[in-house]
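The lines below spell out each chain.
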Amino acid sequence: MITLGFKRTASENPRPRRLHPHIKLFLKMCEQVAEFMEEHDGQDFEVFFARDGGSISLYLMTKAEAYNFDLSRKLAEFAAHYIERGLLDSAILLPASSNEELEAFFDPRKALRIEIQHA
Amino acid sequence: MPNSAEHRAKYEANRNLLDTGNNGTPLSTLDGCWAAIVAFYAALHLVDRLAARVNSHPAPPGAHSKRLRFVANQHRVIFVEYNDLKVASEIARYGTLNQFQRAFPGTTVQDILININLVAIETYVDSIFNPPAPPATTGS
Numbered sequence: 001m002i003t004l005g006f007k008r009t010a011s012e013n014p015r016p017r018r019l020h021p022h023i024k025l026f027l028k029m030c031e032q033v034a035e036f037m038e039e040h041d042g043q044d045f046e047v048f049f050a051r052d053g054g055s056i057s058l059y060l061m062t063k064a065e066a067y068n069f070d071l072s073r074k075l076a077e078f079a080a081h082y083i084e085r086g087l088l089d090s091a092i093l094l095p096a097s098s099n100e101e102l103e104a105f106f107d108p109r110k111a112l113r114i115e116i117q118h119a
Numbered sequence: 001m002p003n004s005a006e007h008r009a010k011y012e013a014n015r016n017l018l019d020t021g022n023n024g025t026p027l028s029t030l031d032g033c034w035a036a037i038v039a040f041y042a043a044l045h046l047v048d049r050l051a052a053r054v055n056s057h058p059a060p061p062g063a064h065s066k067r068l069r070f071v072a073n074q075h076r077v078i079f080v081e082y083n084d085l086k087v088a089s090e091i092a093r094y095g096t097l098n099q100f101q102r103a104f105p106g107t108t109v110q111d112i113l114i115n116i117n118l119v120a121i122e123t124y125v126d127s128i129f130n131p132p133a134p135p136a137t138t139g140s
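Quick note, the sequences are listed as chains A and B, same order.
When we follow my numbering, the leftmost residue of the first sequence carries the number 1, and every step to the right adds one.
When we follow my numbering, the leftmost residue of the second sequence carries the number 1, and every step to the right adds one.
Isolated chain A (complex conformation) (with noise of 0.2 Å):
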C-alpha cells in the first residue's frame, strides 16, 4: 500500500515550481479529500484511491460495520464534481472489510492511501 501523507500547517508555502496539469488537478484533489477527512474528523473511517485501468475510484472504509447513509450523502455530494468532470470514476462508502473483503473491490496492496499528519 502507498501512502501519501498531508501535513497540515498554519500557512501554505507556495508551490515553487509548476506542475503537469493532470499531476495538480490530482493533487489538488488529494488536498481537498483530505479536507474533507479533517471536518468529519472522528468518524473513524479510512480513504483510499484504486486504480483500474485508466479510472481513479475514492474509496471511504469506516469502522463501523453498518452503511452509514449520512457519510455516505456527504461523500457523494463531495465527489460529484469530480466524477462530473471525469477526475473520479466512482465514490464508494465500504462499512468495516477485512482485507480479503477488501480484495473484492480493489487490490489494497497497490492502493493509495490518504492520510493526515496533524503539524
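Treat each hint with caution, since some may be false.
DSSO-like mimics (lysine-lysine), calculated; alpha carbons at most 27 Å apart, straight line [unchecked claim]:
id, chain 1, residue 1, chain 2, residue 2
1, A, K74, A, K24
2, A, K28, A, K74
3, A, K110, A, K74
4, A, K74, B, K66
5, A, K63, A, K74
6, A, K110, B, K66
7, B, K66, A, K24
8, A, K24, A, K110
9, A, K110, A, K28
10, A, K110, A, K63
11, A, K28, B, K66
12, B, K66, B, K10
In case anyone wonders, no lab produced these hints; they're calculated from the structure.
Got chain A sorted already, so can you dock chain B onto it with the hints?
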C-alpha cells in the same frame, strides 16, 4: 440501443419483481441482497430512460461510469440516491454475504434503499416525463 419506452418496460419488470417477488411477498423480505441488486437495476433503467431522452446511451466499456457521470452532470438532484443504490448493489454482488447483511441489516433495504432512494428517483423521473400541467389561465 433500447429506447425510452423499452427502458421503462425494463424498469417496470424490475419494480414488479421488487414489489411482488414470489406470490406477492416483497423481494426484500425473501432476499435483501438480491432486492438491493434489483432496486439498483430498476434505478439504472430510469437513468437510461433519461439518457435516451437526450439521445445518449451509456454502453460498455465503462457503462456504469458513464451513467454515473451523466447523473452527476445532468441530474445532480438524484446523484446521492443513485450512488447509494449503486454501492449497495456492488456490496451485494462483490462482498461476502455476511458483509452485506452487516451493512444493511433488518429492513434497511426496503426502508431506505427502496422506499426512500428508489422512490426519490422514480418521483424525479416521473416529473421529467410528466411535468405538472401549467396553471390554467382564465380568459377575459
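Taking only the CA atoms, is the gap from K28(A) to K66(B) under or equal to 27 Å?
Roughly 23 Å separates the two Cα atoms, so the pair holds.
Quick one, are K24(A) and K110(A) close enough, alpha carbons at most 27 Å?
Judged against 27 Å, a Cα distance of about 21 Å means the pair holds.
Between K110(A) and K28(A), does the CA-CA distance stay at or below 27 Å?
This hinted pair holds, its Cα atoms lying about 21 Å apart.
Does K74(A) sit within 27 Å of K28(A), going by the straight-line distance between their CA atoms?
holds (19 Å)
For the pair we were handed, K74(A) and K66(B), check the Cα-Cα distance against 27 Å.
holds (21 Å)
Check whether the Cα positions of K74(A) and K24(A) lie no farther apart than 27 Å.
Cα-Cα ~24 Å, so holds.
Check the hint pairing K110(A) with K63(A) against an upper bound of 27 Å on the C-alpha distance.
Status holds; Cα separation ~21 Å.
Does K66(B) pair with K10(B) here, judged by a C-alpha cut-off of 27 Å?
holds (20 Å)
Would the pair K110(A) and K66(B) pass a check requiring their Cα atoms to be no farther apart than 27 Å?
holds (24 Å)
Verify the proposed pairing of K63(A) with K74(A), using a straight-line Cα cut of 27 Å.
Since the Cα atoms of K63(A) and K74(A) sit roughly 17 Å apart, the hinted pair holds (cutoff 27 Å).
Can the restraint linking K66(B) and K24(A) be considered satisfied, given a maximum Cα separation of 27 Å?
holds (24 Å)
With the threshold set at 27 Å, check whether the alpha-carbon distance from K110(A) to K74(A) stays at or below it.
holds (26 Å)
Checked against the numbered hints listed earlier, the structure breaks none of them; every hint is satisfied.
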